[in-house]
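Asker: Okay, here's what each chain looks like letter by letter:
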Amino acid sequence: MRVALTGATGFGGTEVLAEFSRRAYETTALLRAPIPADGVAVIAGDLSNLGAFAGAVEASDAVVHLACSRSSAENDVTADVEGTAGLLAHWKSGSFVLVSSGALQRGIESGYALGKLAGEFALHLAASAGRRGPAICLRPGIFLGGGARRNDRQTLGRVFAAAREGATFVFSSEAGLETFGSSFIGTADFARAICAALTLKQRGDFNVAGGFCTWRELIETVNRCAGTQAQLAVRPGPPNAPGEVALSQSRCELDTTTFDTTTGFVPKQSLEMLVEEYLRAEGELEAKPC
Amino acid sequence: MLRTVPLGKYRISLGALLFCGGVTFWLGNMLLRTGGSGFAALTSSLWFLFLLVLVTSGTRTMTVARLAGFYCLGGAMMSVMYLVAMEFVAMEGARYIDRNVFVPTMEETLKLAPVAFFLWRLRDSRLWTLGASDVVLMAATSGAGFALVEDAYLRLNGSPWDAPIDWLPVASISGDHLVAGHGIWTGLAGATVGLALLWRRLGKVRYLLAASGWLWSVLDHISNNYAAGLSMRHDDPLHDFLLTIGGHGYFTIYFFFAALAVAIVADLYVVYATLPFGFVPRAPLRSTLDGLRAWWASTLERRKLAYLVFRTHSVTGPRRAGLLIRGALLRRVLIGAPVRS
Chain L
369 MRVALTGATG
379 FGGTEVLAEF
389 SRRAYETTAL
399 LRAPIPADGV
409 AVIAGDLSNL
419 GAFAGAVEAS
429 DAVVHLACSR
439 SSAENDVTAD
449 VEGTAGLLAH
459 WKSGSFVLVS
469 SGALQRGIES
479 GYALGKLAGE
489 FALHLAASAG
499 RRGPAICLRP
509 GIFLGGGARR
519 NDRQTLGRVF
529 AAAREGATFV
539 FSSEAGLETF
549 GSSFIGTADF
559 ARAICAALTL
569 KQRGDFNVAG
579 GFCTWRELIE
589 TVNRCAGTQA
599 QLAVRPGPPN
609 APGEVALSQS
619 RCELDTTTFD
629 TTTGFVPKQS
639 LEMLVEEYLR
649 AEGELEAKPC
Chain A
6 MLRTVPLGKY
16 RISLGALLFC
26 GGVTFWLGNM
36 LLRTGGSGFA
46 ALTSSLWFLF
56 LLVLVTSGTR
66 TMTVARLAGF
76 YCLGGAMMSV
86 MYLVAMEFVA
96 MEGARYIDRN
106 VFVPTMEETL
116 KLAPVAFFLW
126 RLRDSRLWTL
136 GASDVVLMAA
146 TSGAGFALVE
156 DAYLRLNGSP
166 WDAPIDWLPV
176 ASISGDHLVA
186 GHGIWTGLAG
196 ATVGLALLWR
206 RLGKVRYLLA
216 ASGWLWSVLD
226 HISNNYAAGL
236 SMRHDDPLHD
246 FLLTIGGHGY
256 FTIYFFFAAL
266 AVAIVADLYV
276 VYATLPFGFV
286 PRAPLRSTLD
296 GLRAWWASTL
306 ERRKLAYLVF
316 RTHSVTGPRR
326 AGLLIRGALL
336 RRVLIGAPVR
346 S
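Residue numbers (this note's numbering), protein chains in the order written: chain L, 369 to 658; chain A, 6 to 346.
It should be emphasised that the hints constitute simulated quantities derived from the structure, not laboratory data. These numbers come from a predicted model, not from an experiment. C-beta: ideal position from N, C-alpha, C; glycine also. Careful: at least some of the hints might be erroneous.
[Unchecked claim] Now the stretches of chain A that chain L is said to cover, found in silico as 3 or more residues with beta-carbon under 8 Å: (1) 312–322; (2) 327–337.
[What the hints assert, rightly or not] Chain L side only, calculated, beta carbon under 7 Å to chain A, not exhaustive: (3) G475; (4) L485; (5) S496.
Modelling step: build the complete structure from the supplied sequences, incorporating the hints.
Answerer: Have a look at this one:
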């Protein structure tokens, strides 16, 4: 299978690229800074300047679009959306898998989510114009794991950094302490989910996750595995004292039934496995599992 | 700060209350001073607009409340025109020909000014969700409001009144030509602007298309004013020329109805053929008043999305991205998903 891939150096993209290589897909990756990768054709460029990648998209059997600037500024959102629209203009046939965000379930909280939402919109419009392949929007939970970019604006990186400092995680209510959290997915599971998505014949928006954890479970797992002493506190209002931090005061539990039953996808990475993977990458975990 | 006031079981915004009060005072004062003829002018004006609203009910996104605002703005523009015309006519050396070029040109411009301002002010947002028939409606309404104030002024000054056409009472016959009237002149100008805004693929030709309605209306208006002043003379070559090329005023009526039909057909195509099947659900039609209101509001939003999606195909770069973001948010509202967490 010939696959055109964007975002191959991102947190999830690295693992996706590796999974494609394992499956002997003919992958052409668009990268801002080309890296040597076996069996992968690399084209230098970015979404605003597709160059030769446009031809790769046209010739491919599938397009997997992971790239996003994780922007918060409106101008960057515009660039993200225009990049996706530019990519779609060259999509001729085969599946187009757009990796969106599970956070859209809660609402549009950031420029990142807005960009993803507009990307989905552009994809569904493009899919309806002409006979192309299935347009698939994957909405994953938060990424957990030990990849190279594990500390690049990732939830687990933030939690671990705060826990190591002995921070207090503030929750707005007792109910929030017990229920707030998010669906999550490990990068290896995510890579397999992408491959599963490429087998879909019908267009649609699909939630994908490896499981759900409350923030309390995540913090306590980090404490247990890393030996940190992060505290939990319940009081209304945002954190306002030194050493206090807060995670998103909401619950984002994705219903992944449709994707799982349609593709037969079964996640393999549990919360503890992913925290261990992270801590191992950080050099904070001894050989013994937590 | 007080923003709404109670009215029975509802609350009405202070702005809406002031608007209604102002309109009541304006129309009440006018009717008191002009009597039956003023009432006839008002009813013919509203009948014309009612028919326009009716024929565009399958395509418009503009609410009647918004159109009421344009009606008043059109009327206000007549006051501006009155001041301008008084100044100009009083100028020394203003010749007959100058007056009959200047006044119609100013009138056609001022009537369209509220619409142009609206479109300019919302150039990055609402402009992209408008249909061509919306612009026709806005313009014709502004023109009708202008005409009402002019009619009242003419009646108060004892000017002779042309015989309105039975089937189109906003137009009238004056001597050997037909006077299309302000509602139709401005409606024609709005129709070509609306079509040009919709058909962005026409490239630079669309600027010509946009201007053509206004240009024709100015020409016909000049022809009408010039001919009206020379109604007793038929040996003026310019008079004959203007009446001939304008088909004695009838061409304007034909052009208006043709442009209106094209606008409606183009809008119908966009509204019913642009959105992919199942892209946004149709709101269920319920027989309760609140149910009907919700269905209508949802229908208008759906149309806005269709117009916006249609325009995404003819723009590129950051503008396309902006439209996609706007469309994504609009669709999210329509499918009932949370926009703000």
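Asker: Now tell me if each hint is right for this structure.
Answerer: Here's how the hints hold up against the structure:
Interface restraint, the stretch 312–322 of chain A with chain L: holds (3 residues with C-beta to C-beta distance below 8 Å; minimum three). Counting residues of the stretch 327–337 of chain A whose CB lies closer than 8 Å to any CB of chain L gives 8, which reaches the minimum of 3, so the coverage claim holds. Below 7 Å, beta-carbon pairs count as interface contacts, and G475(L) has one with chain A at about 3 Å; its hint therefore holds. About 5 Å separates the beta-carbon of L485(L) from the nearest beta-carbon of chain A, less than 7 Å, and the hint is met.
Evaluation of the S496(L) hint against chain A yields a held restraint, the C-beta minimum of about 3 Å falling below 7 Å.
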